[in-house]
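*Asks:* Chain by chain, the residues:
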Amino acid sequence: MILIIVLAVIVLAGLYAVSIYNGLVQLRENVKNGWSQIDVQLKRRHDLIPNLIEVAKGYMAHEKDTLERVIKARQMAVDAKNLPDKLQAENMLTGTLRSLFAVAENYPNLKADQQMLRLQEELTTTENKIAFARQYYNDEVNRLNVAVQTFPDSVVAGMCGFQKAEFFQVDNPEDRQAPQVKF
Amino acid sequence: MPYSFTQIEKEKSAIIVYVAGFLVLLYLVISGLIAILLNIFFRRSLFLSPEEWLLIATISIALAIAHYYFSTGDLTGKILRALRARPVNISNEREMLFRNIVDEVSVATGGVFMDTCILPVPSMNAFSIDDTDSTPVIGITEGALLKLSRAQLEAVVAHEAAHIVSGDCWQTTLISSIFEVYKTFFAAIKNAIFDRDQHEKDYNLLGRASGNVVNLIMRMAFNTPVLIVYAVLIILIVIVIFILALLANLLKMFISREREYRADAIATRLTRDPSSLAEALGIISRYWRGQGFSWDGMEGIFIINPRFTGLDESEGFFADLFSTHPPVQRRIDVLLNIAHASPEDFEQKITESLNKIKQEDQKEDAYAKVPTLSSLKKEPSHSCPTCQGPLKEILYENIKLLKCEICSGHFVGEDQISVIFNRRIEQFSEHVKLRAKLIQFPGENFIVENQIAIGPLECPCCWPPKKMVRRLFNRYYPVEVDKCPSCRGIWFEREELELIQYLFESKNPVLS
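Chain order of the listed sequences is A and B.
Everything in the first sequence is counted per my numbering, starting at 1 for the first residue and increasing by one.
Everything in the second sequence is counted per my numbering, starting at 1 for the first residue and increasing by one.
Check each hint, because a few of them may be wrong.
For each label pair, taking beta carbons as the anchor points, the in silico distance ranges come out as [what the hints assert, rightly or not]:
hint: 1; chain 1: B; residue 1: Leu55; chain 2: A; residue 2: Val146; range: 56 to 64 Å
hint: 2; chain 1: A; residue 1: Asn33; chain 2: B; residue 2: Asp333; range: 31 to 39 Å
hint: 3; chain 1: B; residue 1: Ser149; chain 2: A; residue 2: Gly161; range: 41 to 49 Å
None of these hints come from the bench; they were simulated from the model.
Predicted model only: the values in this text are computed from it and were never measured.
No residue lacks a Cβ here, since even glycine has one placed at the ideal position from N, Cα and C.
Kindly produce the complete structure, drawing on both the sequences and the hints.
*Replies:* Right, dumping it as C-alpha cells:
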C-alpha cells in the first residue's frame with residue numbers, strides 16, 4: 001500500500017516537473033522569438049538609413065559631419081556581433097539619428113521632399129517596431145528570469161540548465177523614447 | 001503574453017465542441033418536438049420507438065453539421081462582404097500609415113500576423129474578425145482613420161489586436177455568425193406570413209426559398225380544410241424555433257460584455273499608452289459611430305457599439321446579460337485610472353479634439369448633423385430615409401435643403417417647395433428631361449416611377465420617428481414622393497425634385 005502511494009507521488013512529481021520543463025522551454029522560445037524580431041527590425045533600420053542619407057545629402061551639403069557620424073554608427077551597428085556590442089552600437093545609432101533630425105529642422109526644403117516624407121513615415125514605423133519588439137523581448141526575458149529564480153521552477157531550471165537572459169536595456173534615459181521623426 | 005498559441009488553439013477546439021453540441025441539442029429538441037406532435041396527430045400516441053429516436057438523432061446531427069459548415073465557411077469573407085469593406089490601398093498615405101500601425105502592433109504581440117481593411121464610411125469605428133482558416137483582419141472606418149491621431153489609432157488597433165491574441169475575437173465572430181441563418185429565415189417567414197409585398201422580398205437565396213416554402217405550406221393549410229391541422233402545427237413549430245432562437249441570442253449576448261475590459265487591458269500592455277485609448281474611446285463614442293449602417297447583429301465585433309443604446313450605458317443584471325459592450329464611461333474611467341490622469345484634463349482634451357474635428361468637418365463642408373451620445377436619444381436621425389447615408393445641408397436654387405450624399409435624394413420642407421419651383425437657376429440634365437417626357441407622353445414605354453424605395457420610409461427630421469406616406473406629388477405631376485404627415489416635409493428620391501421642377505417649369509402639366 002505504502003509502496004503504491006510512494007510510487008504515485010513520484011509519478012505525479014515527475015509529471016509536474018515535466019510540465020514545468022515544458023513551460024520553461026516555451027518561455028525560452030519566446031525570448032528567442034523576441035530577439036529575432038528585434039533583429040529583423042534593426043536590420044530594417046539599417047537598410048533605411050542609406051536611403052535617408054542619400055535624400056538628406058542633396059539638401060544638407062554643409063552638414064557632412066552629422067551625416068558621416070550616422071553612417072559610421074550604422075556601420076558599427078551592422079558589424080556588431082555579440083549582445084553588449086550590439087546594444088552599445090544601436091544606442092549610438094539612435095543618438096546620431098536624433099541629432100540628424102534636429103539639424104534637419106533647419107532645412108524646410110528637405111522637410112517638404114516627398115521622398116523624405118515617405119522615408120520619415122517608414123522610419124517612424126520602424127522605430128516604433130523596434131520599441132515594441134524590445135518591449136516584447138524584455139517582457140519575455142522578465143518572465144523567464146522570474147521563472148528561473150522562483151521555486152519550484154528554479155529546481156527544474158537548475159537541473160536542465162535554463163539560464164537567465166539579458167535585458168535589452170537602454171543606457172541613456174533620454175534614449176528610452178524612440179527618436180521623434182517629426183518635422 | 002498570458003495567452004500562448006497552444007492555449008488559444010485549445011480554447012478554439014473547446015468552443016467548436018460547445019457550439020456544435022449546442023446546435024445538435026437545438027435540432028434534437030426541434031425535430032423531437034415535431035416528431036412528437038406528428039405522432040400525437042396521426043397515431044394518437046405520445047411515445048416514439050427507439051428506432052425513430054435514432055432516426056431523429058441522426059437527422060439532428062446531420063442538420064447541425066450542415067448548419068455549422070454553412071455558417072462558418074469563408075466566415076471572414078462573408079462578414080467583410082456584408083460590411084462592404086475594401087482592402088487597404090498602400091499608395092494612399094493615410095492608409096499606408098494604418099498598415100504600418102497594424103504591423104507595429106503585430107510586433108508588440110510577438111508576431112501575430114494581421115490583415116487590414118477599410119470601411120468606406122465617414123463615421124468612426126473599428127473592428128476585428130477572425131476565423132479558423134484565414135488571417136485575422138483588423139478594419140477601421142474611413143472617418144476614424146482620418147480623424148484620430150497616430151497614437152489614438154495605435155491604441156485602437158492594439159485593442160482590436162488584443163481581441164485577436166486573446167482568442168475572443170474568433171469566438172465573437174463565430175457566435176455572431178452562427179445564428180445569422182435564423183435571422184434570414186425568420187425575416188423570410190415573417191414576410192411570407194404577414195407581408196406579401198414583393199418589394200420586401202429582398203433576401204438571399206436561402207431566405208427566399210424558406211419564405212416560399214412556408215408560403216406554400218400556409219396556402220395549402222388555409223385552402224384545404226383537412227390540412228388545418230398543419231397550420232396549427234406550423235404555428236407551434238414557429239413558436240418553438242422562435243423561443244430557441246431567442247435563447248441563442250441570449251447566449252451570444254452573454255459572452256460579449258466583459259471581453260471589452262479585458263481587451264482594453266491587453267491593449268494597454270501592448271502600447272503602454274492608456275491615455276490614448278481613453279481619448280480614442282471618448283472621441284468615437286461622442287462622434288457618429290455608425291448608427292444607420294446595416295451592421296445589425298455584428299455589433300459585437302466593433303470597439304464601440306455602432307448603435308447607441310441606453311442598455312450599453314447602464315449596469316446591472318439585465319445590462320450585463322443582454323448588452324454587447326460595457327458602459328463607455330466605465331471603460332474610460334478604468335483607463336484613466338491606469339494612466340493616473342485626471343478626468344478634468346481628459347474631458348478638456350476630448351472637447352478640444354472634438355471641436356477641432358467638427359471644425360474640419362465644416363471646412364470640408366461635410367455632414368449636416370452628426371448624431372452624438374447626448375443627442376441620439378431625443379433627436380431625429382438626419383440620415384437618408386432610403387439608404388441611411390448622412391444628409392448634408394446644401395443650397396439648391398439658393399434654398400437650404402438636405403441632400404443625401406450617397407443616393408442624391410432631397411428632403412425639402414413644406415414652405416420651401418413653392419419657392420424652389422418659382423426659381424430658375426438650376427440646369428436640368430438630359431436624363432431628367434427624358435424622364436419628364438416619359439411622364440408627359442407615356443405611350444407604350446411608360447416607366448413606373450420610383451422603383452428603388454422599399455416599404456414606408458422614416459422622416460429624417462421628426463422625433464420620435466414618423467413613417468412617411470408614399471403618394472403622387474399631385475395629380476398634375478404624377479411622380480411618387482414620400483410625405484411626412486407630421487412636419488409635412490417631402491422626401492424626393494434621386495432626380496425626383498428636378499423632375500417635378502422641370503415638369504412645372506415646362507408649363508406642361510400631365511392631365512390624366
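*Asks:* Taking the hints in turn, state whether each one holds.
*Replies:* Here's how the hints hold up against the structure:
no. : hint                            : result
1   : B:Leu55 x A:Val146: 56 to 64 Å  : holds (58 Å)
2   : A:Asn33 x B:Asp333: 31 to 39 Å  : holds (35 Å)
3   : B:Ser149 x A:Gly161: 41 to 49 Å : holds (48 Å)
In summary, this structure violates none of the numbered hints.
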